[in-house]
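Note that the protein sequences, when read in sequence, are chains A and B.
Using my numbering, the first residue of the first sequence is number 18, and each one after it goes up by one.
Using my numbering, the first residue of the second sequence is number 18, and each one after it goes up by one.
A few of these clues could be false.
Each pair may be met inside one copy or between any two copies, as identical chains are not told apart.
As the list claims (entries may be wrong) - Pairs of lysine-lysine residues, derived as DSBU-like cross-links and limited to a Cα-Cα distance of at most 35 Å, are as follows: (1) 289 x 91; (2) 32 x 236; (3) 236 x 91; (4) 89 x 289; (5) 357 x 176; (6) 176 x 28; (7) 209 x 91; (8) 28 x 87; (9) 20 x 176; (10) 236 x 289; (11) 289 x 28; (12) 176 x 320; (13) 209 x 89; (14) 357 x 232; (15) 66 x 320; (16) 91 x 176; (17) 232 x 321; (18) 66 x 32; (19) 321 x 266.
No wet-lab data here; the hints were simulated from the structure.
No experiment lies behind these values; they were computed from the predicted model shown.
2 protein chains.
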Amino acid sequence: MSKRIGIQTVKFETKPKIIAAESIVGPKEGAGPLKDYFDIILSDDLNGKESFEKAECSMIYNVITEVIRKAKLKETDIDFLFAGDLLNQISSSNFAARELEIPFYGLYGACSTMTESLGIAAMTIEGEFADHAIAATSSHFSSSERQFRFPLEFGSQRKPNSQWTVTGAGAMLLGRKGDHPCITYATTGKVKDYGISSPDSMGEAMAPAAVDTLKQHFKDTGRKPTDYDLIATGDLGKVGRQITAELLKKEYGYDISNVYMDCGEKIFDCEKQNTNSGGSGCGCSAVVDCGYIYKNILKGKYKKVLLVSTGALMSTTATLQGESIPGIAHAVSIEFGGVKK
Amino acid sequence: MSKRIGIQTVKFETKPKIIAAESIVGPKEGAGPLKDYFDIILSDDLNGKESFEKAECSMIYNVITEVIRKAKLKETDIDFLFAGDLLNQISSSNFAARELEIPFYGLYGACSTMTESLGIAAMTIEGEFADHAIAATSSHFSSSERQFRFPLEFGSQRKPNSQWTVTGAGAMLLGRKGDHPCITYATTGKVKDYGISSPDSMGEAMAPAAVDTLKQHFKDTGRKPTDYDLIATGDLGKVGRQITAELLKKEYGYDISNVYMDCGEKIFDCEKQNTNSGGSGCGCSAVVDCGYIYKNILKGKYKKVLLVSTGALMSTTATLQGESIPGIAHAVSIEFGGVKK
Chain A
18 MSKRIGIQTV KFETKPKIIA AESIVGPKEG AGPLKDYFDI ILSDDLNGKE SFEKAECSMI
78 YNVITEVIRK AKLKETDIDF LFAGDLLNQI SSSNFAAREL EIPFYGLYGA CSTMTESLGI
138 AAMTIEGEFA DHAIAATSSH FSSSERQFRF PLEFGSQRKP NSQWTVTGAG AMLLGRKGDH
198 PCITYATTGK VKDYGISSPD SMGEAMAPAA VDTLKQHFKD TGRKPTDYDL IATGDLGKVG
258 RQITAELLKK EYGYDISNVY MDCGEKIFDC EKQNTNSGGS GCGCSAVVDC GYIYKNILKG
318 KYKKVLLVST GALMSTTATL QGESIPGIAH AVSIEFGGVK K
Chain B
18 MSKRIGIQTV KFETKPKIIA AESIVGPKEG AGPLKDYFDI ILSDDLNGKE SFEKAECSMI
78 YNVITEVIRK AKLKETDIDF LFAGDLLNQI SSSNFAAREL EIPFYGLYGA CSTMTESLGI
138 AAMTIEGEFA DHAIAATSSH FSSSERQFRF PLEFGSQRKP NSQWTVTGAG AMLLGRKGDH
198 PCITYATTGK VKDYGISSPD SMGEAMAPAA VDTLKQHFKD TGRKPTDYDL IATGDLGKVG
258 RQITAELLKK EYGYDISNVY MDCGEKIFDC EKQNTNSGGS GCGCSAVVDC GYIYKNILKG
318 KYKKVLLVST GALMSTTATL QGESIPGIAH AVSIEFGGVK K
């Protein structure tokens with residue numbers, strides 16, 4: 018009997034458990050509306066390192082080692098680490114993995130990496146390939162800006178629809194046993210491209226992918242938007258969130274408006290914090306999922322959540338060659354009947 | 018009952034089948050000693066495109082669509098595509114996936130991507146998450162040189178231990194049924210770093226990772242080197258191959274010399290073709306595995322093969338910040354009792 022249902026969805030019968038989650042953010046994120054939900058708030062976004070890249074690496078290393086400690090496990094208890102980030106050659110993840118004695122598969126899904134890593138990790142638990150697996154990702158405002166856009170020193174103006182890359186990292190540790198929030202479905206996305214080519218318009222570039230994955234998740238599972246307490250896209254920002262909700266209703270008749278939030282819109286007070294359309298980056302959905310959402314699931318506020326991290330598969334080389342920005346989104350549903358203090 | 022054995026290895030009980038494999042190479046690879054084993058040899062390494070990046074993308078797209086055709090399947094029969102490449106943001110894979118209606122997970126394992134994608138794809142088949150999955154990767158000499166080293170126009174001299182990035186792409190299509198070569202074990206690597214920092218010394222950077230994964234594969238499975246007809250590392254080149262064989266014997270007592278080849282050394286006539294230590298790049302182990310090795314398995318020449326693609330997790334940003342080059346290697350064993358014409 019296949020665990021595949023519909024066209025793009027895996028149904029997890031053994032319901033892999035999220036034993037622990039850990040989040041770390043920079044000072045700006047730590048001054049935002051979700052500040053009470055993050056495990057660690059850095060006072061300095063260099064985290065005592067010599068470069069922003071090394072700071073980012075230290076953050077993802079930090080959440081991985083902390084989530085292992087929280088779960089009362091050892092590094093050698095972890096069978097797989099699935100991780101990726103925004104930097105060329107996912108160097109934050111690679112260099113963090115270098116310090117860890119954990120079998121490692123590197124991923125690249127841009128800002129969709131949290132649910133990409135979570136979906137694959139859940140399959141390794143369900144398939145009995147692992148007793149414990151970690152899904153992790155990170156991003157850093159300053160390492161991203163200079164790689165994808167302009168060096169900060171250039172002082173370029175930000176457009177109203179532009180987003181602010183979150184400085185943060187998140188990790189979830191999955192296992193087979195215990196009374197924890199569990200993963201019930203994973204819907205894997207396809208790459209969608211509607212011709213957006215400006216690196217300031219990532220929400221617009223990713224929205225069609227979010228719509229496609231959400232639509233397919235509902236079709237494959239037979240669920241409706243109201244079956245969820247919360248549907249959280251990754252980092253579409255204010256602009257992308259509106260497009261997603263409208264397109265999904267108009268094209269496919271699914272109205273998610275009552276249960277819908279976007280992590281990128283939620284993480285900052287966009288007006289006061291001057292982040293325009295909101296947060297972005299792998300770290301955005303990672304810290305909101307591992308911080309705000311996971312903790313509210315434990316508290317019983319949310320019982321059924323659909324996480325939909327969204328990635329803009331942007332490449333400066335491709336953009337210089339006239340290419341548009343393809344998007345992708347992966348959905349993972351998390352459920353928990355209990356309440357934990 | 019867990020399918021995990023030892024510390025880093027998954028044992029596949031249902032033995033996922035490699036239904037078909039496809040390879041494409043550039044003119045230089047097509048003039049080398051393995052030329053008779055590749056499915057497509059390009060006469061022009063631009064493949065009719067405007068840039069080397071677009072040419073690389075067309076190559077990986079080509080092997081994916083061709084391997085589906087060979088297996089007499091349709092795009093919509095494929096449940097997962099696992100792919101990655103060397104370009105920043107794995108843009109070849111992302112842009113190829115954009116043209117395909119296949120749920121897609123992007124990977125980054127540098128030149129270890131062939132066995133990374135194969136190992137994960139095999140788990141999705143064994144775990145009944147997919148009926149069919151594709152593992153694919155690519156690299157291109159000219160897109161890699163300018164990204165990782167110097168623009169070709171610069172005309173920099175190549176060192177004796179330097180390697181030549183293979184222009185090529187390979188794909189394997191996995192399924193559950195039929196009389197085909199099957200995957201029996203996957204040993205996932207850990208990141209290893211012995212302090213090599215020159216981008217001309219990739220074989221040396223990757224050798225410790227290859228040694229570590231090979232040692233662990235033998236320990237976890239209880240197999241000996243002589244249980245295999247062929248052990249093929251990915252792209253260590255002449256220099257890295259010698260280090261690997263020597264270290265493995267000296268440190269752990271495993272003598273693989275009688276069954277050992279390196280895809281990077283084998284793909285070129287290094288002296289005549291002026292490729293110094295040999296080939297490298299994701300495409301190197303991909304085309305040798307999908308071309309030479311897979312076809313010789315079908316012919317009955319090899320009955321038990323261990324593929325060990327090796328990745329140098331090199332980042333120019335990290336190198337400029339004084340970092341060394343970490344390496345990783347993943348092993349996948351393929352077995353076939355039959356003979357196919």
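Hints, verified against the model:
Taking the shortest alpha-carbon separations for residue 289 and residue 91, neither the intra-copy value of 42 Å nor the inter-copy value of 51 Å comes in at or below 35 Å. For a Cα distance limit of 35 Å, the shortest separation of residue 32 from residue 236 qualifies both inside one copy, at 20 Å, and across copies, at 31 Å. In this assembly of identical chains, residue 236 and residue 91 lie within 35 Å of each other by CA distance solely across copies; the values are 21 Å between and 40 Å within a copy. Taking the shortest alpha-carbon separations for residue 89 and residue 289, neither the intra-copy value of 39 Å nor the inter-copy value of 57 Å comes in at or below 35 Å.
Taking identical chains as interchangeable, the C-alpha atoms of residue 357 and residue 176 are never at most 35 Å apart, the minima being 42 Å within one chain and 60 Å between chains. When the C-alpha separation of residue 176 and residue 28 is checked against a cutoff of 35 Å, the pair qualifies neither within a copy, at 41 Å, nor between copies, at 52 Å. Taking identical chains as interchangeable, the C-alpha atoms of residue 209 and residue 91 lie at most 35 Å apart only when they sit on different chains, with a minimum of 19 Å there against 40 Å within one chain. For a Cα distance limit of 35 Å, the shortest separation of residue 28 from residue 87 qualifies both inside one copy, at 28 Å, and across copies, at 30 Å.
Taking identical chains as interchangeable, the C-alpha atoms of residue 20 and residue 176 are never at most 35 Å apart, the minima being 45 Å within one chain and 51 Å between chains. Within a single copy, residue 236 and residue 289 get their C-alpha atoms no closer than 39 Å, and across copies no closer than 58 Å, so neither meets the 35 Å cut-off. Taking the shortest alpha-carbon separations for residue 289 and residue 28, neither the intra-copy value of 42 Å nor the inter-copy value of 54 Å comes in at or below 35 Å. Neither within a single protomer nor between protomers do residue 176 and residue 320 lie at most 35 Å apart by alpha-carbon distance, with minima of 37 Å and 60 Å respectively.
Within a single copy, residue 209 and residue 89 get their C-alpha atoms only as close as 41 Å, which misses the 35 Å cut-off; across copies the closest is 26 Å, which meets it. In this homomeric assembly, residue 357 and residue 232 come within 35 Å of each other (Cα to Cα) only inside a single copy, at 32 Å, whereas the closest approach across copies is 43 Å. In this homomeric assembly, residue 66 and residue 320 never come within 35 Å of each other (Cα to Cα): the closest approach is 39 Å inside a single copy and 51 Å across copies. Neither within a single protomer nor between protomers do residue 91 and residue 176 lie at most 35 Å apart by alpha-carbon distance, with minima of 46 Å and 43 Å respectively.
With identical chains, the CA atoms of residue 232 and residue 321 are at most 35 Å apart within one copy only, with a shortest distance of 17 Å there and 44 Å across copies. In this assembly of identical chains, residue 66 and residue 32 lie within 35 Å of each other by CA distance neither inside one copy nor across copies; the values are 39 Å within and 47 Å between. Within a single copy, residue 321 and residue 266 get their C-alpha atoms as close as 21 Å, which meets the 35 Å cut-off; across copies the closest is 54 Å, which misses it.
Consistency with the previously given hints fails for numbers 1, 4, 5, 6, 9, 10, 11, 12, 15, 16, 18, ordered from lowest to highest.
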